[in-house]
Structure formats: C-alpha cells, structure tokens
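Asks: Read off the chains here:
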Amino acid sequence: MNLRVRQSRYLAALLLLFFRRRVLRSGAFRSRTVRAGAAVLAALLFAVLCAAAYLFLEPLALTPELWELMFAISTVSLVLWVMGAFLVIKVLFINAADMLELSYQLPVTNRERGLAFLMYEAAITGVVVALGFSALAVTSLALMGLAAVPYLLTAFAVPALVVYLGLGVLHHLLVRLWTLLRLGGIAGLLSVIVLFLLLVWYSTTMNATIVAITDGYYDRTGAFHWQTAVASMWDRSPAVALAVSAVAVAALTAANLFLTPSQYVRQSRFLAVFTGRYAGRVLHPYDYCLVRNSQTAVAAVIAVLLFAYLLLAGNGLNPMWSLVALSTAGLYHYAGTEPLRRLPSATRSAAVVYLRLCKGQALLLVAFAVPQFLIGAFVDPVAMADSATPVLSAFAGIVLTVWISVVFPSEKNNPFSVLLGIACAAVMFGLIAIGLGMLHLPAPLTQAVLAACALVVAAHSIVEIHANESKRRNREEVPDHRGVARELPGDHPGRHRGGADAAHVLHQR
Amino acid sequence: MNDLEITGLTYSYGREAKALDGVGFAVPRGSIVGLLGPNGSGKSTLIRNVFDLLRSQSGTITVDGLPHTAPEAKRKAVYLSSNDYLPEFLTAAEYTAMIARFYGLEADRESALDLCSRFAMDGRYDDLIEDYSHGMRKKTQLMTALLVRRRLTVIDETLNGIDLEAMHLAEKELAGLRDDGLSVLLCTHDFPVLERLADRIVFLDRGRVVHDAPTAELVADHGSLDTMVRSHLESGDR
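Those protein sequence lines, which keep their order, are chains A and B.
Numbering of the first sequence is given in the numbering used here, commencing with residue 20 and proceeding in unit increments.
Numbering of the second sequence is given in the numbering used here, commencing with residue 131 and proceeding in unit increments.
Here chain B stands alone, though its shape is the one from the complex:
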C-alpha cells in the first residue's frame, strides 16, 4: 500500500517551460522518501501539485488511494511549505489549535508544550508568531505537523534554517512517525540527513526522475548522495 502514488505527472509554466515531465514514484506506507534535486528541478512544483495548489496538467496523484483533490485526501496529508509565511497575527498555540481543528482534532496543550520545550522554545508557545525568528517559525511548522500526525507528511525544505539541535530532534521525531506506520516525503538539500533518515531517494532533474531507488543502494553505488548528485550534474546526460 502506498500513501502517495504519482504516475505520469506533467506540469508546464507557459508553453515551453516544462517543470515536470511524466514524473512517477510512490511513497510506501511507513517509509521516509527523500526528494532531492537541484534548484529548478521541479521538486516544489511537484509538491504543490500533490496539494492541488497547482493544477496538474496530466497524470494522476493519489493520497492513501484517494484522488489528491478529494476532501478526504486533504485530511490524510499535512504540508510544510518551504517558506515560513505563517499567520503572524496568531500565537503558536492558536495556530496549532487552528490546524488541528481543520483536521477535526483537538490540540493537546501538554504535548505541544512538551514539544516546544524539546525544540528549545520554552515559554514562547503563547507568543505571537510575528515575534518569532525564521528558525522558530520553521520549528512551529514542524511541531504542528508532529502534533496532527497525518498519514502522509510532506516537508518542502522546511528543515533548512533550523539549528543543529532542532535538526537532530526533528530526525528522531520523523523516524518516530515512520515507526508508527506513517509516511514522510522529505525534500531537502541536506544529503547527510537523507542518508541517515530516508529509506528511498527520488532524484529529480529538469522535471524528470533520474533515480528512484533505496538510499542504501544509491550510497553503495555512488559512495554518497552528494557524489551521486555531483556526478550527474557534471555528466553530459542532462
């Protein structure tokens, strides 16, 4: 069973700029799949198609077997965007409660405060997000996703910009999601994190899937993900 399944996804900006060209891959249940690729490779476009923020022009996307545009599919996935544009006029507590309400849940304040403390945000849960630093906003996004615990968590470079301690904790928490049988699609440029965390890697370039294989296999073949990406970018195959 796949929590996310994409087949033949194509998306173009205008007539010539093809951002995605027949992309297909799956995120199996209870796994972490790393999505990587250079800037402009189509990673964010792909994620926005998954969440129907861009209308897919061809291909199919299913979330837990449901069409991605269905309200039920919306309830099964949580999206952490690459930017930190959160409602600054809310406190983190209000933001978390609001997100939970959208999913038909009730935010557990004790769990939230515990997460806040572990992410080094003690005493800031009831402060306006307006007063948060860039890193704190990212942590707030992450904490909210960890609290609502959806079948599929999609992280679009959200981990960029958080400190090492928080990153270490985030890795543990994401692994915890997997242990609970939930899935994560993790888009990041942090290769060591992907090598430690991801079960599979999907490598996109110029809107096409270059590699879709288990992380261990790719590391064994290329030495590291960094080497794999560099050798591809420097090769004449592009």
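One chain only, chain A, in its complex shape:
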C-alpha cells in the first residue's frame, strides 16, 4: 500500500513544530502576555463550565441510576458534536494543501503525506470533542470517582472514535464517488455538503431519540438505539463490549487507510464564477478573492440548505439565522488578499483595507438575505418575524471572522491559525455571554454591550492590519538584515503555475 507510518509520523511531527513555532507565535500570539492571557481565560472558562456542570449534576449523585440515563442522552448529543467537528475540520482543511510545500523535499510518498494530514484532522477533531465534553467528564469523575470511567468510555470515548472513523470512511467513499462522476475537482466541496445534509438529518432525529431513550428508561422497555449500543453491550458484558469496540475501531481504521484515494483529483481553490464584464464594475479584486473561493461556495450552499430546512421544518427558529453560515467565508480573506496589498501601487490605510475586507462579505450577505427574506415571507410570514436579529448577528459574524483572519493570519492557508482564532473567539465570547447571563441586564443594555464589543473588535482589527502591514513593508525594505525574513511566502516561482500539484501530493487522487 506504499505506506510507512513512521514517515507520516515524522511529517506529523514537522507539522506540530509548524503549529508550535509559527502558528502559536504569529498574529496576536506574538506577545507572551497575550498567550498567557489567552491561557488564563481558557482555564477560567473551563473552570466556570466545570462549576456549572457540578452544580447541575450534584443532585444526581444521590440517585446513581439517573447517571445511566444522563450519559445515554449525552451520547446522542456527542454524535452531533463529532459530526459538527468533523465537518468544520474538513471545511478548514479544503485549502490546506499549500502547507504541503514544506514536505516537497522530503522522501515521502503521497499516501504518507495524506496520512500525516489525516492524523492532524483526527487529533484536532479529538481535541474539539474533548473540549466539548471535558466539563461533564471532569464533573463525573469528581462526583463518582473511578466508577465514572466505564461511563466515560462507553458513552463518550468509544462512540466518538467510532463515529469519527465512520465519517472518515464515508468521506473517502464520497470522494471516490465524485471522482468516478468526473467531479473530482470539487470533491472536497461536494463531500462537505453531503456531510452537512447528514448532520441536518441527524439533528432532526435527535429530539425523538432522546425522548425515546427517556421513555424507555422509565418504562424499563430498553429499546435499542445505535448511539448507545456500546453502553448496552457493556451492561451485558464489559469484556464483549471492549472486544467488539476494539475490532470495530481496528476495522474502521484499516478501512480509512485503505480508502485513502490513490487516484488523481485536482482540488479547485477558486471557482470560475462572476467572470462577466458586469461583475467587474461592481466587484473589487478583494471581492473576487472572496466570492470565487471554494470555501465561500461551501458556506453559500450550507446557508441555502439550512434556510430551506429551517423554513420547511417550522421548528420556531427564524430561517434567516442560516445567514450566519455565510460569515465563515471570511476566515481566510485577509491572508488570501495579501498578494493584493503587496502590489507597489496598492498601499492603502488600514481602515480602507478593513472596509474592503468587510465589503465583499457584506455584499455576499445582502445578496443572500434579500431573496431569502422574500421567499420566507411568501412561504411562512410568521416564521420571518423579527428577522432583524439574525441579520444583525450575521453582520456581527463578519466583524468577528475578519478579526480572526486578521489577528490570526493564516500563513500558507494553514487551518491551524484559523482554528486557534476560532478557539480564542469562543473563549472570549463564551465568557462575555456567561457574564451577561449572570448579570441579567435589561435587553437594551445587553445590546449596547454587544455593540461596544463589535466596535472594539473592529478597532482591534484595524490596529492589527496597520501593524501587520508596517512589519511586512519593513521586511521588504530591509532586505539583508539579520532577524528579518528575506523572501516572503508567495515569492517563489514554483508556487505558481507549473508548481507541484498540491491536491495530488496530498490525496494522491
């Protein structure tokens, strides 16, 4: 199978160093104080979540039989969480192939490169899932002691692993299917859309499953649910549960390795859309970078599907919330437009750059919001009441994603910077949300606080753009100064047309 796991491990170690020495030292994280502050905030958020979980679960400590029910219900949510994490990681890794240039001079086969990246995707998904359930796990251990370990194993660890590996197999099969259908160039994009549909379908079944599990628990009927299969097996025989789990994990891992595609698929980073003359009158090169990006296409399709689902499902959630999905298109926008800022005649103030970054996304948002609102008002006017809040939230999402793309610039389109930015934003705004929730402020005051936060985030983005651009110009103007990089990413002739095909070496598709 042309696969030496050791070579993949070495390459994964190189990528880890890249993460530690570049990603954790770039953007806002250049400052040790900021890194320490972020760690403190993350620890604080974790402590708050643990405390909340403890307060919620402590009464259950007296009724241990309820633990089983709680873990069963948590497993149902865990599956959705794993699916969401898998989906987000796949979206962020669609354009990650640029990072592979680091490995072009290494004696590794394409399959080994692919495996190294799969290891990263798995590790990051694992971290995301662990973070989501760590407060519950820590609290369980605190309340139950070692008796919680079987629950954590059968309700969290094994189901998460099996679902992740199963999704991996499905993703590989989908890529092969698209390749057979001569759609290999957009295989990543199409696969993500199918996975999203799967996630939506699963989310629609969740409530019914939870109700059925709860009813079954109280009725003592014990109906079978695949999500809780491992826990059910454990109840009958821990040894059998462990053996079956080990076999399942081994089989799915082998299937993932075997299915890593060996045929060629060229992944398109940009799609040839808006090529007409009229588009040129409206769109700036910054906007082209956004609207032609394959990740924007993913975000757009997800927004439309989500809108249709929310409108037709009639579950009480305003369908305009689907617009928030569009905000994700801007996560790579600042790094993607760097070549434009390096043009000698393109020097603009940080504020102008910021407005250009926001303008494309705002146009995109309006282009989707108007028809969606009209369709929604025609199909279900009641569902569209109070559409201002979701639309404003989507615009706030633009401010946030531009901030992430500026403060955590993604060198070589690496997804790690973006993930780090998302994590920091989640910690900060998680704490703000918890704080606002605890204060019980009147609605206008809460809105004022959120607006002030948005302004601060926008101002910080502009300051960072100014700092980044000053540093970049300094690097270019001081060519032979020690401690200063001489040649910037993107300066190398081999990375343009005629360069190695990143999709081929990543996926050997």
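These aren't lab readings, by the way, just hints derived from the structure by calculation.
Remember, predicted model here, so these are calculated numbers, not experimental data.
For glycine and all other residues, C-beta sits at the position ideal for the given N, C-alpha and C.
Certain hints may be false.
As the list claims (entries may be wrong) - If you want the footprint, here are the derived chain A segments under chain B, 3+ residues with CB under 8 angstroms: (1) 24 to 34; (2) 202 to 209.
Said to hold, decoys possible - DEER-style ranges, computed between Cβ atoms: (3) A350(B) to R25(A): 43 to 53 angstroms; (4) V24(A) to D252(B): 32 to 42 angstroms; (5) H352(B) to V24(A): 44 to 54 angstroms; (6) G152(B) to V266(A): 42 to 52 angstroms; (7) G170(B) to T52(A): 35 to 45 angstroms; (8) P322(B) to K490(A): 37 to 47 angstroms.
Start from chain A and add chain B according to the hints.
Replies: Here is chain B on its own, set in the frame of chain A:
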C-alpha cells in the same frame, strides 16, 4: 545501470498545454547529467514528475530500477527544489537532522559544521532558517543533500543565487558525489558550470528532448552550450 530512467513521459496542464511530450533519457550511475532549456521548456515539470509531486500521465520513471512512486525509490533520491521555501521555524541543524531521519540516517554534526564553515556559514548552523538570506537557504539545501548522499541528487536551479565562492565549492562537492559512484541531475541556466561539470546534457524545449548527448560532443559541435541553445532558439525548427 541507470540511476534515473525516463521513457515516454507526457504531462499536460489542462487539455492543450502540453508541458512534456514523450520525454525520455537516462542518468547513468556515477554521472552528472545537465538538464537545460528555456523557461517553460518543461524542466521543472519533469523533475516534479520524477518526485511524484505531479502525477505522470503516461510513460515510466524508475529510480535505481524502482518505480518512482515506491517508498524505496523515495529513499534513493534527494530533491532540491528551485524555491527556497524551507521550514523557517527550524534551525539548519534541526532541518538537517529531520531530513536525515526521513532517510533513516543520523546527521553527523561535525561533518555538517565542517560543510557550514566551508560554505561561509560559520556560527549559523543553530540559527533559525527564518534569519537566513536567500543564498544561505540555498546553501542549506545543498549542504543537506551533500550530507545525506543519496544515489540520485536532483537539483532544480538551486544553485542560482549562491555566491561565486559557494558555487566553486558546490562544483567540487558534486564532482565528489560522482567520484563516489553517485549520480546528479543538475538543472541550471549556468552554461559554464554545465560545461565544466556535466558528463551529458539533456536539452529540452517545448516539452521535447532536442539534444541528449555527451557534453564534450555538444561543445565540439556547437562551440559552446550557449551557442547551441541560442542557435536552436533562433532557428525555425522550434
């Protein structure tokens, strides 16, 4: 025995842009073969096919008799790319150790420091590559290849941009590889270097092999490699 053998290699970017059109040649064991041609002639595309960074669309490539995609073939060849995009977050020492580890070797620090000194990089071996100039990065690539000493060393314009002193040393070291029975495929626009160093020349233009002959023979026929290339580019044969 050939350390690199290419037959009928074809590669196209899109439907019409044929970068390589039935290219075939060999790098015999213990020889230096110069690869030259104008920009867009297919030199880099060819090298990237050899290292499976582009998937060859037809033809065969073998490294020391092994299919070029095989893990064993990867261990037999080292590639120095035309750009200097190295992991800037590593020191040269770490970079060298990492490359050596990939080949199942252990980097000899003393030899590396000696090479560093000879390439006028004293005291910089433990500095981050981020702090290196363009020329120093190229020298680092070259030093690493000289340290791991593979059966086939492929150099894609890596020597462009290094100073005269380093170039002179590089020529000596590459000749040393040949003397040890190892092979080099050297892609460069520096004709005098090729005339001094290469045993054979493969001249590519528009994805086809125009000349594949001993350097001495080509120089005798055309006066110099420079004249050979110029006369071809100005002729109506293209």
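Asks: Hints first: check each against the structure and report whether it holds.
Replies: Hints versus structure:
1. Figure legend: the segment 24 to 34 of chain A, annotated as covered by chain B; annotation consistent (3 residues with Cβ-Cβ distances under 8 angstroms, at least 3 required).
2. Judged by the Cβ-Cβ criterion of 8 angstroms, the segment 202 to 209 of chain A is not covered by chain B as claimed, because only 0 of its residues qualify and three are needed.
3. Between A350(B) and R25(A) the beta carbon distance is about 50 angstroms. The supplied range of 43 to 53 angstroms therefore holds.
4. Separation of V24(A) from D252(B) is about 39 angstroms and conforms to the stated range, judged on CB atoms against 32 to 42 angstroms.
5. A C-beta distance of roughly 52 angstroms is found between H352(B) and V24(A), which places it inside the suggested range of 44 to 54 angstroms.
6. At about 50 angstroms, the CB distance of G152(B) to V266(A) agrees with the hint of 42 to 52 angstroms.
7. With their beta carbons about 50 angstroms apart, G170(B) and T52(A) fall outside the hinted range of 35 to 45 angstroms.
8. Taking the beta carbon of each, P322(B) and K490(A) are about 40 angstroms apart, inside 37 to 47 angstroms as hinted.
When the structure is compared with the earlier hints, violations turn up for hints 2 and 7 and for no others.
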